[in-house]
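Trainee: Residue numbers (my numbering), protein chains in the order written: chain Y, 1 to 259; chain C, 260 to 431.
Derived by calculation from the structure, the hints in this document are not laboratory data.
These numbers were taken from a predicted model, which means no experiment stands behind them.
All C-beta atoms, glycine included, are put in the ideal place defined by N, C-alpha and C.
Where hints are given, some of them may not hold.
Said to hold, decoys possible - Listed below are several chain C residues computed to face chain Y (Cβ distance under 7 Å; list not exhaustive):
{"hint": "1", "residue": "Ser405"}
{"hint": "2", "residue": "Ala406"}
{"hint": "3", "residue": "Ala411"}
As the list claims (entries may be wrong) - Quick list of the computed label-pair ranges, beta carbon to beta carbon:
{"hint": "4", "chain 1": "Y", "residue 1": "Asp76", "chain 2": "C", "residue 2": "Arg325", "range": "36 to 44 Å"}
{"hint": "5", "chain 1": "Y", "residue 1": "Asp184", "chain 2": "C", "residue 2": "Leu271", "range": "48 to 56 Å"}
{"hint": "6", "chain 1": "C", "residue 1": "Ala322", "chain 2": "Y", "residue 2": "Gln126", "range": "31 to 39 Å"}
{"hint": "7", "chain 1": "Y", "residue 1": "Gln192", "chain 2": "C", "residue 2": "Cys421", "range": "58 to 66 Å"}
{"hint": "8", "chain 1": "C", "residue 1": "Gln278", "chain 2": "Y", "residue 2": "Ala245", "range": "43 to 51 Å"}
One-letter residues, chain by chain:
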Amino acid sequence: MQSASIELKLTPATQYLLRIGDTCLILGQRLGEWCGHAPALEEDIAMANIALDLIGQARALLTHAGTLEGAGHDEDQLAFLRNERDYFNLTLVELPRGDFAAGVLRNTMVATWLKLLWQRLAADSQDAEVRAIAAKALKEARYHQQHSADWVVRLGDGTAESRRRMDAALAELWRFAPEMFDTDAADEAAAQQGLGPLWSSLEAPWRAEMQDVLEAATLKAPAASAFRSDGKRGRHSEHMGFILADMQYLQRAFPGGVW
Amino acid sequence: MSAVPAESERALRAWQVLQGVPDPEVPAVSVCDLGIVREVADHGDTLEVVLTPTYSGCPATEAIERDVLGAIDDAGLGPAKVTLRRAPAWTTDWISAEGRRKLLDYGIAPPGAVAPAQDAVVRVIGRRADAVACPRCASLFTERLSAFGATACKALYRCTSCREPFEHFKPI
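Isolated chain Y (complex conformation) (with noise of 0.2 Å):
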């Protein structure tokens, strides 16, 4: 039988791009999750407007590679017609959204990660339209980090179960930080086009600004595992055919359906 999904014609530069994109895509899903379950209604507003952002930020991203691509893919097939392994998004945004303490926490973890990425991306890409989604979206990204590093340090340093449930977050989801940095073949090939930064060198300014965080939070990051999770290569955790099947289930059932 044919299948419904696209098959993707992979460079680096595209896997650069659909990781970033990706990334942005799935957090931006999860945090949708929160509409209606904010612990307040302001951060019931907050967590939506983050995700409006992050989706932005994904249809700009994908529909430059699929451009790059040059298969013809626009970004609504590239965001619901891809098959699992062909999604390039960090482990960490697939996970499912936790309580409200593991939400801020990573968002601030990938907010940083984000900022410091479109910084460079701004400042040094060769490629226009990459620089020209990433002014924009630094932006946004910086507004996302500093509300969500405020969260952290109000429930860090603040009532006895505040501050269990952010210990809690931190060691669950620390460990997966490590594959923000990790580089390999693509991301080493994207940095010698100037398409953007290795990965690694975003390693030490992420670490920096995270530890100011917690540190006015009163938090310690949990010591440093030999775990290693690895979405960006397409190999996922069983959370993500859950999160694929609910953003594609109508483009499954009604192909090509529009409104």
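The hints should help you fit chain C onto chain Y, whose structure is shown.
Mentor: Just chain C now, kept in the frame of chain Y:
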């Protein structure tokens, strides 16, 4: 870019028409007031309108494109096409003085000048937004209720003098 000078009668009339096209989410101001319309170029056969979107995920972008094309067609200035230009990125500094006055009259505190980015360190302690004046009573005794608002471009504030809540157009 333009084959025919941009100052053609048709392009000038298009600018006038666009002054009357409201932003779908903040209808008090026009798309020109917000600085979204960057260029109108008369290519002879088609009129090209260059727009720069405000936020990456702004859901109004497609509605604005449609409204702009509709208004140009209705004025008999078509056919027209819209081109989206991302760079340079839109900033609230592009909102006109007229646009700022309209926002204020509408009850939305206009954005201040965009401050240079603080990138080096996350200022988690003692961060305070610049005082935002209440659009109703002009008091500077205001506080932020919510970092995000009903649209991507706004935050929610409250005046502690007149006790009224109001929206603030975030400087970006």
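Trainee: None of the hints should be skipped; say for each whether it holds.
Mentor: Here's how the hints hold up against the structure:
1. Ser405: Holds: closest Cβ of chain Y sits about 4 Å from serine 405 (chain C), inside 7 Å.
2. Ala406: holds, 5 Å
3. Ala411: holds, 6 Å
4. Y:Asp76 with C:Arg325: 36 to 44 Å: violated, 19 Å
5. Y:Asp184 with C:Leu271: 48 to 56 Å: Hint holds: Cβ distance 55 Å, inside 48 to 56 Å.
6. C:Ala322 with Y:Gln126: 31 to 39 Å: About 34 Å separates the Cβ atoms of alanine 322 (chain C) and glutamine 126 (chain Y), which means 31 to 39 Å holds.
7. Y:Gln192 with C:Cys421: 58 to 66 Å: Between glutamine 192 (chain Y) and cysteine 421 (chain C), where Cβ atoms are some 60 Å apart, the hint holds.
8. C:Gln278 with Y:Ala245: 43 to 51 Å: Holds - the Cβ-Cβ distance for glutamine 278 (chain C) and alanine 245 (chain Y), about 48 Å, lies within 43 to 51 Å.
In terms of the numbered hints stated before, the structure departs from hint 4 and from no other.
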